[in-house]
Amino acid sequence: MQGGVAIVTGGGTGIGAAVVRRLAARGVRCVINYAHSQAEAEALAAEVGNGSVAVRADIADDAECRKLAAAAVDSFGRLDFLVNNAGRTKHVAHEDLDGLEAEDFIDIYRLNTIAAFQMVRACAPAMREGPMSAVVNVASIAGLHGVGSSIAYAASKGALITMTQSLARVLAPSVRVNAVAPGYVGTGWFEKALGQEGKAKLDRNIAARTPMAMAPQAEDIAGPIEMLLDPANRAITGEVLRVDAGFHLDTGGSRRPGRAG
1 MQGGVAIVTG GGTGIGAAVV RRLAARGVRC VINYAHSQAE AEALAAEVGN
51 GSVAVRADIA DDAECRKLAA AAVDSFGRLD FLVNNAGRTK HVAHEDLDGL
101 EAEDFIDIYR LNTIAAFQMV RACAPAMREG PMSAVVNVAS IAGLHGVGSS
151 IAYAASKGAL ITMTQSLARV LAPSVRVNAV APGYVGTGWF EKALGQEGKA
201 KLDRNIAART PMAMAPQAED IAGPIEMLLD PANRAITGEV LRVDAGFHLD
251 TGGSRRPGRA G
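Quick note: the sequence shown, position 237, residue 237 per the numbering used here, numbers continuous.
No lab work stands behind these hints, which were simulated from the structure alone. All residues carry an ideal CB built from backbone N, CA and C; glycine is no exception. Worth double-checking, as some hints may not be accurate.
[What the hints assert, rightly or not] Straight-line alpha carbon distances no greater than 25 Å define the calculated BS3-like cross-link-like pairs of lysine-lysine that follow: (1) K199 - K90; (2) K90 - K201; (3) K90 - K192.
[Claimed, not checked] Computed spacing ranges between beta-carbons, pair by pair: (4) S166 - R110: 10 to 20 Å; (5) D250 - N50: 39 to 49 Å; (6) S75 - I236: 26 to 36 Å; (7) G146 - K192: 23 to 33 Å; (8) H94 - P173: 34 to 44 Å; (9) D98 - N50: 28 to 38 Å; (10) M214 - D98: 32 to 42 Å; (11) G77 - I236: 18 to 28 Å; (12) R121 - A200: 17 to 27 Å; (13) R121 - D230: 36 to 46 Å; (14) P173 - G195: 46 to 56 Å; (15) A235 - K192: 23 to 33 Å.
The whole structure should be built from the sequences, with the hints applied where relevant.
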């Protein structure tokens, strides 16, 4: 992967930032995309060095996606890896069918599904020119099991998983396309919402409900993403890799699927 170039959407914080750190350690130059987290993205670019840059783009806008892809190629002369990590949700209990409007579905789909497609489309011409090109879409176990923060979120991630398979077929053999499907991930979002002690308590509760007795953190998701991008795994495409500490293995009903995203 040494010398490669990656775009990581939503790369300034959370899973995206953990991915950037891992890729930079492998000698990959990263375009750290952000929409709002400018300070974090710029600080991360300075931290990892290696020519990595922070670039603002609202990837819900197709023109912005094309500008972002062009910025990577203009800066580095190539584009090898894309991590579609940016996403959003709305927390609504699944039983509350009146808690979601059509606009909520559209808003969530626009970033979680459509933007990911737009980014792949924008990057595909440059990626087809490289010898080790790969895409990883950050989905969720919500998209596999119909759980998570809302029905709209689960539906958007289910669509992203199906789209991963379609894109893997049409972009082969020059570009591999895979997805990871995390469960709970203890990112800074929870600490901001609950405070440090609140997040620690939530982590303990999640750990008690997983076979691996752990609450996955951003770094635990970044490793599998790096693995799927690695050209050493050139035979893997069209796959969806659960990363949930075994949460999905419980079929006895003792662990109710909670919010996954």
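Practice task
Report the numbers of all earlier hints that the structure fails to satisfy, in ascending order.
Solution key: 9, 12, 13 and 15
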